[in-house]
Amino acid sequence: MIQVFTFYLFATLVIVSGVMTIASRNPVHSVLWLILAFFNAAGLFVLIGAEFLAFLLVIVYVGAVAVLFLFVVMMLDIDFSELRAGISQYWFPSVMLALALLAELGAALLAHNAGGIDIAGRTAPTPAETSNIAALGQLLYSRYLFIFEAAGLVLLVAMIGAIVLTHRARKDTRPQKISDQVRRRPQDAVVNTQPPVGQGVEL
Amino acid sequence: MMNDFLLVLPELILTVSGLILMMIAAWAGDRAAPALTWAAILTLATAAAFLPGLASPGGSAFHNLFAADPFAAYTKVIVYLAAIVSLFAAMSWFGRDRDYRAEYPVLVLFAVVGMGMMVSASDLLTLYVGLELQSLAAYVLAAFQRTDSRSSEAGLKYFVLGALASGILLYGISLLYGFTGTTGFDGIAAALGNDGVSTAELFGLVFVLAGLAFKISAVPFHMWTPDVYEGAPTPVTAFFASAPKVAAMALLVRVAVEAMGPAAGEWRQIVIFTALASTILGGVAAIGQKNIKRLLAYSSINNIGFALVGLAAATPEGAAAVMFYMTVYVVMTLGAFLVVLRMRDANDQPVETIASLSGLSRTRPMLAMAMAIFMFSLAGIPPLFGFWPKFLVFQAAVAADLTWLAAVSIATSVISAFYYIMIVKMMYFDEPAPAFAETREPVGAGLILASALFVSPLGYLAIPALSAATLAAAWSLF
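Sequence lines, in order, name chains D and X. Residues in the first sequence are numbered from 0 upward in steps of one, following numbering that gives the first Met the number 0. Residues in the second sequence are numbered from 0 upward in steps of one, following numbering that gives the first Met the number 0.
Keep in mind that the hints were calculated from the coordinates and are not lab data. Values in this document were obtained by computation on a predicted structure and should not be read as measured data. Among these hints, one or two may not hold up.
Said to hold, decoys possible - Simulated DEER-style distance windows between Cβ atoms: (1) 202(X) with 17(D): 28 to 36 Å; (2) 51(D) with 202(X): 27 to 35 Å; (3) 90(D) with 63(X): 27 to 35 Å; (4) 362(X) with 17(D): 42 to 50 Å; (5) 51(D) with 63(X): 41 to 49 Å; (6) 134(D) with 202(X): 26 to 34 Å; (7) 183(D) with 166(X): 40 to 48 Å; (8) 134(D) with 289(X): 29 to 37 Å; (9) 14(D) with 94(X): 21 to 29 Å; (10) 344(X) with 187(D): 29 to 37 Å; (11) 66(D) with 414(X): 28 to 36 Å; (12) 98(X) with 69(D): 34 to 42 Å; (13) 2(X) with 157(D): 43 to 51 Å; (14) 187(D) with 94(X): 21 to 29 Å.
Cβ atoms here follow ideal geometry from the backbone N, Cα and C, with glycine treated the same way.
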């Protein structure tokens with residue numbers, strides 16, 4: 000019973016927060032709604048017994064990707080004084096949101112302990128004694144090795160692309176030239192002078 | 000496991016060479032770009048020589064994730080050749096503006112690896128990862144001239160719409176996986192064949208087809224094509240219009256036949272709709288165009304529509320006709336783009352207006368003749384080779400009791416013939432526009448000559464060989 004209840008709770012919240020991600024006018028709010036959506040998706044993962052994926056979703060997506068999004072959004076031209084003006088009136092919704100997330104985690108754990116949901120028609124069922132991470136690793140590095148390597152290639156292309164599109168050799172930057180620094184001798188850099196009293200030094 | 004690696008040998012060669020070239024590009028900088036391009040061309044030729052499925056029997060590798068059959072081998076030969084030609088074009092075109100960069104051949108190599116995965120995909124995962132690899136490289140190539148605002152705009156537009164298409168495709172994949180319980184093409188076909196096509200599976204099928212229709216720029220998912228083709232640097236546009244189109248089309252054929260074969264009755268309606276919509280819109284919307292690259296974009300939409308007519312037949316002959324069509328289409332399109340690449344005004348700046356072609360027969364008779372051959376061939380006018388694949392797809396459609404589809408398509412090909420012939424008329428009968436700058440590119444001229452000869456009536460000599468190859472390729476799917 001509790002599985003069904005939590006499934007509908009998470010699923011509804013995923014959809015609602017997904018809609019709000021698009022619908023909210025403030026991009027910062029969009030990212031926050033996105034985080035809520037990730038959280039609920041993680042709850043769904045816990046529900047089907049994929050706790051490792053759930054943690055990955057929270058750690059990678061909420062912890063890294065969404066925070067990166069927030070940074071990008073902060074670089075946009077947003078009037079932050081206007082945003083900050085109303086911050087005190089949001090304390091109640093934000094606390095409620097935090098409590099909701101906490102309650103969801105509890106519900107997910109309860110449902111997980113109650114047995115989880117079995118997916119129908121799985122072609123590759125996980126052996127009972129294998130833990131989640133071990134099962135994933137066994138598939139990822141044997142059966143799906145080819146896809147795994149190809150996914151690495153996709154990331155490499157993304158990296159090359161980012162460098163191609165943004166890197167430029169600028170004339171006004173001063174990169175460190177280590178060989179020049181090492182080659183420099185005291186006699187090139189240090190000069191002994193004895194200026195007369197009352198006169199400056201010509202450098 | 001050793002055998003698996005032999006079957007993906009072309010991809011391994013391309014990947015390793017791409018990684019080495021990338022390191023050279025990082026250390027040597029942009030002055031190494033021409034040398035790297037030659038190395039990339041050599042790599043592509045080497046990879047083609049090691050294609051399993053051509054001389055050797057081929058097979059499937061990595062637990063049925065990757066199919067190295069004659070169909071994949073045939074498509075990869077075309078893809079590699081198209082990539083080689085577009086690399087030649089890019090080297091000379093960017094070289095004249097002195098903004099050729101060393102990453103270009105590297106990105107093309109990785110895009111070709113992605114295309115190889117696409118045409119060899121026998122699992123939805125391979126399909127998606129290959130498609131993403133190709134698309135990511137393509138987004139970067141579209142925005143390659145980053146100081147040019149049109150190029151950046153093209154890259155951004157392509158990226159946003161491509162991401163949307165990937166989302167649609169992934170949604171379809173997840174539905175298909177959820178309701179058939181597998182991502183393998185054979186498993187999906189078995190599930191669809193066992194107990195009919197359920198509504199949920201139909202939804203997945205429609206979404207997957209929609210995502211793939213975006214990649215081949217079939218109507219109604221074509222909106223990005225004219226803008227991206229116009230904005231991207233011309234050699235990149237030539238690349239987009241050739242290799243990835245063939246790869247995506249081959250992927251669509253494979254998914255439709257291998258994974259969704261039992262649901263042919265369902266997807267046939269979708270394919271027929273997109274085929275008709277593409278031929279009609281590609282024909283009508285091209286008429287008012289002023290920019291030759293936009294016009295060729297609509298021409299590619301139009302041609303994809305005709306190729307889809309062959310797929311609608313859902314027979315081995317139909318699939319063979321599609322591959323035949325794409326082969327000839329690639330030659331015609333690359334030839335036309337090679338001519339466009341030579342359009343430069345007296346200051347050596349590229350020009351793209353159709354008006355600048357007028358009276359070309361008097362200033363550059365050979366170039367005008369080549370363009371006329373490509374235009375007549377794209378229009379499918381009989382003595383030229385472009386007629387034959389059109390004939391083949393119509394024949395396949397008629398054989399599959401789709402006579403009405405063939406009849407309507409022939410009618411729409413008359414519409415599209417109008418603007419092709421209009422260009423020929425401008426080149427031969429209008430007052431000359433300012434002459435183009437002289438170009439000294441023997442390789443480019445040789446490629447134009449070769450493609451013009453291929454699509455001229457001489458191409459009919461290749462029919463026995465091409466028919467045998469395409470039929471063998473198509474039969475390996477059924």
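Here is what the structure says about each hint:
no. : hint                           : result
1   : 202(X) with 17(D): 28 to 36 Å  : violated (18 Å)
2   : 51(D) with 202(X): 27 to 35 Å  : holds (29 Å)
3   : 90(D) with 63(X): 27 to 35 Å   : violated (56 Å)
4   : 362(X) with 17(D): 42 to 50 Å  : violated (59 Å)
5   : 51(D) with 63(X): 41 to 49 Å   : violated (26 Å)
6   : 134(D) with 202(X): 26 to 34 Å : holds (29 Å)
7   : 183(D) with 166(X): 40 to 48 Å : violated (56 Å)
8   : 134(D) with 289(X): 29 to 37 Å : violated (59 Å)
9   : 14(D) with 94(X): 21 to 29 Å   : violated (53 Å)
10  : 344(X) with 187(D): 29 to 37 Å : violated (53 Å)
11  : 66(D) with 414(X): 28 to 36 Å  : violated (53 Å)
12  : 98(X) with 69(D): 34 to 42 Å   : holds (36 Å)
13  : 2(X) with 157(D): 43 to 51 Å   : violated (31 Å)
14  : 187(D) with 94(X): 21 to 29 Å  : violated (42 Å)
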